[in-house]
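K.L.:
Sequence:
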Amino acid sequence: MEQWKGKVAIVTGASSGIGAAIAKDLAISGMITFGLARRVDRVEALKKDLPENVQGNLHAVKCDVSKEEEIVKVFSDIDAKFNGIDVLINNAGVFRTTKLIKENNSIPIREIIDTNILGLVFCTREAYKSMETHGRNSHVVHINSTTGHNLSFQPNVNYNIYAPTKYAVTAITEIH
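For the sequence shown, the UniProt record's numbering gives the first residue as 1, with consecutive numbering after it.
Keep in mind that the hints were calculated from the coordinates and are not lab data. Among the clues, some could well be false.
Calculated pairs, SDA-like style, for lysine to any residue (alpha carbon to alpha carbon, straight line, at most 25 Å) [unchecked claim]:
| no. | residue 1 | residue 2 |
| --- | --- | --- |
| 1 | Lys81 | Thr124 |
| 2 | Lys5 | Ser16 |
| 3 | Lys129 | Ala171 |
| 4 | Lys73 | Arg110 |
| 5 | Lys5 | His139 |
Model the full structure from these sequences, guided by the hints.
P.N.:
The following block contains the structure:
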């Protein structure tokens, strides 16, 4: 990780779980890490739990990746202030309980698609734009679910549109 010290990383979905763990580890490793989340207070709490000497490496940024305009602004601001983006960890994802054939289900269906597919695509686009402009050794990592590779039956679990969005992440990763 020595080569990445002082480099810029963005982690989406950094408020909990895998995203929080990745943001924490990158900051401890010396990367300038931006933890994007809707629940930015949780990223701030994570920052306070870091050793004092690395707390300045983690920046909590409010960003709902289901909203393209927020993504564009945040990535543009980070690119301008920190001279580029070196690593993007696309981790944000949501699961909502609904049935595909249920009436009035468009809100949860759109939330899943907008976050799990479009958020990933728009974050990748904006990061790549920065990476290409600055011409540095850069990486994009898509965190997926096993559901995106193998849909195993689980009683009483209604995957609705979630599973297709995770298959989309697999396809996007394989074709890009």
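K.L.:
Taking the hints in turn, state whether each one holds.
P.N.:
Outcome of the hint check:
With a C-alpha separation of about 19 Å, the suggested pairing of Lys81 with Thr124 holds against the 25 Å cut-off. Pair hint Lys5 plus Ser16 holds up; C-alpha atoms about 24 Å apart against a cutoff of 25 Å. Proposed proximity of Lys129 and Ala171 is supported: the alpha carbons are some 21 Å apart, at most 25 Å. Distance hint between Lys73 and Arg110 is fulfilled; the C-alpha atoms sit about 22 Å from each other, no more than 25 Å.
Proximity of Lys5 to His139 is assessed by CA-CA distance (about 14 Å); at most 25 Å being required, the pair is judged to hold.
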